[in-house]
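From first to last, the protein sequence lines are chains A and B.
Here the working numbering is used: the first residue of the first sequence is 1, the next is one more, and so on.
Here the working numbering is used: the first residue of the second sequence is 1, the next is one more, and so on.
Worth flagging that the hints you see were computed from the coordinates, not collected in a lab.
One should not assume that every hint holds.
[What the hints assert, rightly or not] From chain B, some residues computed to sit far from chain A (all C-beta separations above 12 Å):
1) D23
2) E24
3) D239
4) S245
5) A275
6) R279
7) K352
8) A388
9) E390
10) G440
11) E444
[Claimed, not checked] Across the chosen pairs, the derived CB separations fall in these ranges:
12) B/D265 / A/T219: 56 to 64 Å
13) B/A109 / A/R110: 43 to 51 Å
14) B/G288 / A/Y89: 55 to 63 Å
15) B/Q373 / A/E295: 35 to 43 Å
16) A/R301 / B/A364: 34 to 42 Å
17) B/G288 / A/N104: 49 to 57 Å
18) B/A364 / A/T219: 17 to 25 Å
Note that this is a predicted model, so its numbers are computed, not measured.
Think of the CB as a built atom: it goes at the ideal place given N, C-alpha and C, for glycine as much as any other residue.
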Amino acid sequence: MTIVSDAGSEWELVSGLEVHVELASTTKLFCGCPNNFGSEPNTNICPVCLGLPGSLPVLNEVVVEYALRVGEAFHFDVPERSVFHRKNYFYPDMPKDYQVTQYNEPICSRGWLEIDGTRIGILRAHLEEDTGKSTHVGTTGRIHGASHSLVDYNRAGVPLLEIVSDPDIRSSEQAVAYVEELRATLKAIGVSDVKMEEGSLRVDANVSVRRAGSTEFGTRCEIKNLNSLKSLRDAMDYEARRQILLLEEGESVVQETRHWSEVELHTQSMRSKEEAYDYRYFPEPDLVPVAPTAELRAKVRAEMPELPAVRRARLIEEWGVSEKEARTLLGVDGLADYAEAVVALGAPGRDVTLWATQDVLAYLNASNAAVSLLDPATLADVLSMVRDGSISRNQGKDVLAEALAEEKRPRDIVQERGLEQVSDEGALIAAIDAVLAANADAVAEYRAGDDKMRKKKRGFLMGECMKALKGQGNPQLLNPLLDARLEG
Amino acid sequence: MTSAREIAAAVTARERSAREVIDEHLARIDEHDGELHAFNVVIADEARAAAEALDARIAAGEPVGPLAGVPVALKDNLCTRGIPTTCSSRILEGWRPPYDATVVNRLRAAGAIAVGKTNLDEFAMGSSTENSAFGPTRNPRDTTRVPGGSSGGSAAAVAAGFAPLALGSDTGGSIRQPAALCGVVGMKPTYGAVSRYGLIAFASSLDQIGPFAADVTDAALLLEAMWGHDRMDSTSISDDLVPISADLERGVRGLRIGIVEELTDVEGIAADVRAAVERAAGALEAAGAKVERVSVPATVHGLDAYYLIAPAEASSNLARYDGVRYGLRCDDEDVQHMNARTRGEGFGAEVKRRIMLGTYALSAGYYDAYYGQAQRVRTLIIRDFARAYERFDVLLSPTSPTVAFELGAKTADPLAMYLSDVCTIPTNLAGHCAISVPFGVDSELGLPIGVQVLGRELADALIFRVARAIELSVSGA
Numbered sequence: 001m002t003i004v005s006d007a008g009s010e011w012e013l014v015s016g017l018e019v020h021v022e023l024a025s026t027t028k029l030f031c032g033c034p035n036n037f038g039s040e041p042n043t044n045i046c047p048v049c050l051g052l053p054g055s056l057p058v059l060n061e062v063v064v065e066y067a068l069r070v071g072e073a074f075h076f077d078v079p080e081r082s083v084f085h086r087k088n089y090f091y092p093d094m095p096k097d098y099q100v101t102q103y104n105e106p107i108c109s110r111g112w113l114e115i116d117g118t119r120i121g122i123l124r125a126h127l128e129e130d131t132g133k134s135t136h137v138g139t140t141g142r143i144h145g146a147s148h149s150l151v152d153y154n155r156a157g158v159p160l161l162e163i164v165s166d167p168d169i170r171s172s173e174q175a176v177a178y179v180e181e182l183r184a185t186l187k188a189i190g191v192s193d194v195k196m197e198e199g200s201l202r203v204d205a206n207v208s209v210r211r212a213g214s215t216e217f218g219t220r221c222e223i224k225n226l227n228s229l230k231s232l233r234d235a236m237d238y239e240a241r242r243q244i245l246l247l248e249e250g251e252s253v254v255q256e257t258r259h260w261s262e263v264e265l266h267t268q269s270m271r272s273k274e275e276a277y278d279y280r281y282f283p284e285p286d287l288v289p290v291a292p293t294a295e296l297r298a299k300v301r302a303e304m305p306e307l308p309a310v311r312r313a314r315l316i317e318e319w320g321v322s323e324k325e326a327r328t329l330l331g332v333d334g335l336a337d338y339a340e341a342v343v344a345l346g347a348p349g350r351d352v353t354l355w356a357t358q359d360v361l362a363y364l365n366a367s368n369a370a371v372s373l374l375d376p377a378t379l380a381d382v383l384s385m386v387r388d389g390s391i392s393r394n395q396g397k398d399v400l401a402e403a404l405a406e407e408k409r410p411r412d413i414v415q416e417r418g419l420e421q422v423s424d425e426g427a428l429i430a431a432i433d434a435v436l437a438a439n440a441d442a443v444a445e446y447r448a449g450d451d452k453m454r455k456k457k458r459g460f461l462m463g464e465c466m467k468a469l470k471g472q473g474n475p476q477l478l479n480p481l482l483d484a485r486l487e488g
Numbered sequence: 001m002t003s004a005r006e007i008a009a010a011v012t013a014r015e016r017s018a019r020e021v022i023d024e025h026l027a028r029i030d031e032h033d034g035e036l037h038a039f040n041v042v043i044a045d046e047a048r049a050a051a052e053a054l055d056a057r058i059a060a061g062e063p064v065g066p067l068a069g070v071p072v073a074l075k076d077n078l079c080t081r082g083i084p085t086t087c088s089s090r091i092l093e094g095w096r097p098p099y100d101a102t103v104v105n106r107l108r109a110a111g112a113i114a115v116g117k118t119n120l121d122e123f124a125m126g127s128s129t130e131n132s133a134f135g136p137t138r139n140p141r142d143t144t145r146v147p148g149g150s151s152g153g154s155a156a157a158v159a160a161g162f163a164p165l166a167l168g169s170d171t172g173g174s175i176r177q178p179a180a181l182c183g184v185v186g187m188k189p190t191y192g193a194v195s196r197y198g199l200i201a202f203a204s205s206l207d208q209i210g211p212f213a214a215d216v217t218d219a220a221l222l223l224e225a226m227w228g229h230d231r232m233d234s235t236s237i238s239d240d241l242v243p244i245s246a247d248l249e250r251g252v253r254g255l256r257i258g259i260v261e262e263l264t265d266v267e268g269i270a271a272d273v274r275a276a277v278e279r280a281a282g283a284l285e286a287a288g289a290k291v292e293r294v295s296v297p298a299t300v301h302g303l304d305a306y307y308l309i310a311p312a313e314a315s316s317n318l319a320r321y322d323g324v325r326y327g328l329r330c331d332d333e334d335v336q337h338m339n340a341r342t343r344g345e346g347f348g349a350e351v352k353r354r355i356m357l358g359t360y361a362l363s364a365g366y367y368d369a370y371y372g373q374a375q376r377v378r379t380l381i382i383r384d385f386a387r388a389y390e391r392f393d394v395l396l397s398p399t400s401p402t403v404a405f406e407l408g409a410k411t412a413d414p415l416a417m418y419l420s421d422v423c424t425i426p427t428n429l430a431g432h433c434a435i436s437v438p439f440g441v442d443s444e445l446g447l448p449i450g451v452q453v454l455g456r457e458l459a460d461a462l463i464f465r466v467a468r469a470i471e472l473s474v475s476g477a
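Could you put the whole structure together from the sequences, leaning on the hints where they help?
In structure tokens form, the structure reads like this:
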């Protein structure tokens, strides 16, 4: 996508994303401590994740299985063996002062995912341990100027999967779509709860720009501290503009790491390439290479759930919904499962999709209720009554809202409110005949009038019929019956 | 001195109480360790309590392990719950681990009773135990001389009769070399045969815990009590215990034994040491083995490769001593300065030298030329050993080029000190096993000489058998 600068020249953004995903295994990567968010500080710790002298890591097999699922989902090569390395640097929240991570032999390499028909390459996905969390006590909240720091090691050793895309992304919108697709897929295969706000999914963006039409890569900056999809979009757009401005002024972009400020809405330099650490990677001698067995690979393949992209295509095909409707449905946790359960009770897919993404979703948002606790029969019943004409569409919406909020059966509400439509042909004809008899003038004017008059008088007579039926006449039956009587 | 097996038999049969055995050894420590300084800490109260508990279990008719009531000395780089574990470094002074090393648990289960933590070169870096922050250990055979190292405290403890058994760790010879210098048996098992969980790491791919004892039979008992897979150590092997003690007396008839030329004709080797190896070979031949000389060419590069790989791993393993979580902290203006000052004051000169070496060897632009090249040498050493083992069942060499040297003799010359391990290092690089067994004394001073029996991976039982044959040829017992 082309960006036109203030100076009027055309530019292209080039980006690759590094996404860190906390894996949702019950225990940590190298020890048996619980992998929980929000526990009391320093309660989920042991000699291993504290890096105490003499302790040794043992790889969590479940995490390997999760990585294999990721391998399947994004068409990765998963080699016979992959290797853990040590990344050496000092930081107080890193217990061993090195991080156990994967370097030149990652567990997943060369995968891809598709965004609106465009394939985004994924260079690699590798396993590594998370660090602890520092809280700097003092005026700034940053390490500089703090009076002291508190460290919580609960997060130390939590399994992370770092997913590194190729520089195939060409706009901030595409970046957002990429992360959304990644999230939906990771969620669907059950390896992470992908909550950006809790930090279980973190994104760093490499951004560079080049003249439209150029095939050379520009100098890139890595942007950190992107805590939401909005931050991602805003920061990329800002950074692209900043770099374009620099280049148009004849200056050059410095390769560096930049920090996105959500408050000031700009990026600022954290450290340049010259200041980059020498991490002195070397193979972790305390672990053996990861070599998933053929049995494990077969098990993972057999147990793969339907992926969001495939599911969307199926719903579009089977239910006749649009791409956008399918995305909305799959965009909310559990909503598509719910919709499929409603459809299984006999409701048409498209109706279910529309009602689920509007009425049901509105209720969920307003009430904070869990979609998994909703009874699919509620929506199925409402749709069935609307379809057979027992209630109108608008009445259906009211009934559904009440049924969801009060946890009542829709048919009970319809009965209580006396909403049931009059669909009995005899009763409808009797009402029509009475109205026509009482309004002979209008009938005469209708029969003699031009189209405009006929429309006006018909509308009046229809209203009178509805009035006589206390608004409960089934309009789908009433309309043709009235026409037949007027023409007859 | 009574052997471990005799003590266990007597205690199990209630001929002697474990408490009596412990008191006797504690008294000996009390009397002589002021001079020798084999121990960093003696845990008399804990040892007595453990002995009494054991006696009670025996009295109640409960089954006890094969090392019932046997005092054991633990190298002070093995984690012991609630008991100070220092690695003979200021940086860990006062730290009490919240957990026991796997070997400590296994020895306890076997009925052994820990009497104290033994002195070592700081973080096991050294060959004389002079690099201890708490002062050197002296050789019980001649207190003007070093006991070797880094497990000098453990070797001295066994030689002095403070405990019939001791544990050491061997990264480049740190069990075998002090065993040779103190005149006791010391053995490095196949890498992965004994769990490293709870052994404070020096160089993870080389470190291995092993036994010290006054004789081969006791050393075998101690190894058997520790052997086997541990799910806490990913590098521990799953092979079942090979029966070591049961095969010990099978002799060497028909075995093919090769004297490693490169390790026997090594520069600076004492004539008496070389002669001892020849005599040991003769004794084995007399016992029915077929002995020849063999070349294992790549072993000449062992020392060079070792002094890149071991410091590289150490530079990473020792990063965690940063003053944040445990041990020494020297406060300063900010966390980086606190880290630097703590490490500056907490580590001794040799540890700093190796951290610097290792950091350099792993640095961008140098990795391939140093660490990478050293790993390739390691592969060559493994290949050359494999070729030798096609023709030989076990190999033979000196353990140390010299007998015990005087305190201070090599402290000013690190390279001279490093040469002490020239014969032992190749085994660590290959992940193989080797044992040092006393064989005579030097003619001038009467100081003990050790000969080394080397075996491929999992040939542990076999090298014990050969060591026992050498021992028999000396004692005639």
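Consistency of the hints with the structure:
1. B/D23, annotated as away from the interface, keeps every beta carbon of chain A farther than 12 Å; the closest lies near 31 Å.
2. B/E24, annotated as away from the interface, keeps every beta carbon of chain A farther than 12 Å; the closest lies near 31 Å.
3. At roughly 15 Å, the least C-beta separation between B/D239 and chain A is larger than 12 Å, which holds for a residue marked as non-interface.
4. Annotated as non-interface, B/S245 keeps its C-beta farther than 12 Å from every C-beta of chain A; the closest such distance is 28 Å.
5. The non-interface label for B/A275 is consistent with chain A: the shortest C-beta to C-beta separation is roughly 39 Å, beyond 12 Å.
6. Listed as outside the interface, B/R279 is consistent with that label: its C-beta sits roughly 39 Å from the nearest C-beta of chain A, beyond the 12 Å cut-off.
7. For B/K352, the non-interface assignment is confirmed: its Cβ lies about 16 Å from the closest Cβ of chain A, beyond the 12 Å cut-off.
8. No Cβ of chain A comes within 12 Å of the Cβ of B/A388; the nearest lies about 25 Å off, and the non-interface call holds.
9. Every CB of chain A is more than 12 Å from the CB of B/E390 (nearest about 27 Å), matching its label as outside the interface.
10. Here B/G440 stays apart from chain A, with its beta-carbon at least about 38 Å from theirs, past the 12 Å limit.
11. Every Cβ of chain A is farther than 12 Å from the Cβ of B/E444; the closest lies at roughly 42 Å, confirming the non-interface assignment.
12. Between B/D265 and A/T219 the C-beta distance comes to about 59 Å, which sits within the given range of 56 to 64 Å.
13. Range check, B/A109 to A/R110: Cβ separation about 49 Å, and the 43 to 51 Å hint holds.
14. Roughly 58 Å separates the CB atoms of B/G288 and A/Y89, a value that falls within the hinted 55 to 63 Å.
15. Checking the proposed 35 to 43 Å range against B/Q373 and A/E295 shows it holds: the Cβ atoms sit about 39 Å from each other.
16. A hinted range of 34 to 42 Å for the beta carbons of A/R301 and B/A364 is consistent with their spacing of about 39 Å.
17. About 52 Å separates the C-beta atoms of B/G288 and A/N104, a value consistent with the hinted range of 49 to 57 Å.
18. A C-beta distance of roughly 20 Å is found between B/A364 and A/T219, which places it inside the suggested range of 17 to 25 Å.
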